[in-house]
Structure formats: C-alpha cells, structure tokens
Amino acid sequence: MLSTLASAALVDDFSFLKEIPAFVQYVQVVRDAGDCDKAEELRVKLQKTGLEEEQQTVLDIRTATLLARLYTEGEPKDPSRSLALLKEAEQELEGLEEDSFFKLILEAEIDSIHYLLNPRSLGKGISSNAKI
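Just so we're aligned: the sequence shown equals residues 178 to 309 in the numbering used here.
Careful, some of the hints might be misleading.
In silico DSS-like links for lysine-lysine, alpha-carbon gap of 27 Å or less [unchecked claim]:
| # | residue 1 | residue 2 |
| --- | --- | --- |
| 1 | K254 | K264 |
| 2 | K222 | K264 |
| 3 | K225 | K215 |
Since the hints were derived computationally from the structure, they do not count as laboratory data.
Use the sequences and the hints to build the structure in full.
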C-alpha cells in the first residue's frame, strides 16, 4: 500500500498498544486498506479506552500521526487534514513527561511527517533525525 506505512511496525516500541484490539484494527485500516473514512471513525472510538493518562496520550498521538501520514502519502492527499492532525498531536505532547522516551519518539514522528508535507522545511527533517 504505502511505502513507509507498509513498513511501519504495528506497535513500534509501544508494546501496550498491541493489547488493544481496536488499535490493531485501526492500524490495519490505515496501513493495509488506506481507508481514511474508516480510520477517522475508529480514531474517535479510541479516544476513550480507559487507559491510564500517559498511555491514552500516547495512543491519541499515535492514531493522529498514523492518519496524518496516510493523508500525506495516500491518494487523494489531504495536506490540510494532515496538518490539523499534527497540530492535535503536538498539543497532546504537552501531556507527556519532558525528555521521556515516548515524547522524544513521538516528536520525531511528528517532525518527520511535517517534513514529508514540506520537504523545504529542512529544520523538521533535521529535528526528526536528531531526536531518533
């Protein structure tokens, strides 16, 4: 389907996510089917899972970044929706502990999608690589 989406691991280093069947389904819809409408529906359902606060924040950011990447790389592209999702994810980052593993990795993911949206934004590309 999509080059970077297809190669993305289901849960990366966030092992607790694989225990959430709705998230596994969400990843399959985004990565395999590339269905933005279905992904939007599932994302709303994932916003209230009963997880502890940090895990819910990570889940919210991951769902936003996966969908933003789909809107950036998929067809038809929707850069404005991708930017809106990235803005949401950036706001959610404030809920994570400064310099934590989750925050650094998720910031890098957000920056990498910003760079895909605008390759002339060299700062985002450098920032993403530096965080990783």
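Starting from the hint list further up, note which numbers the structure goes against and sort them upward. none
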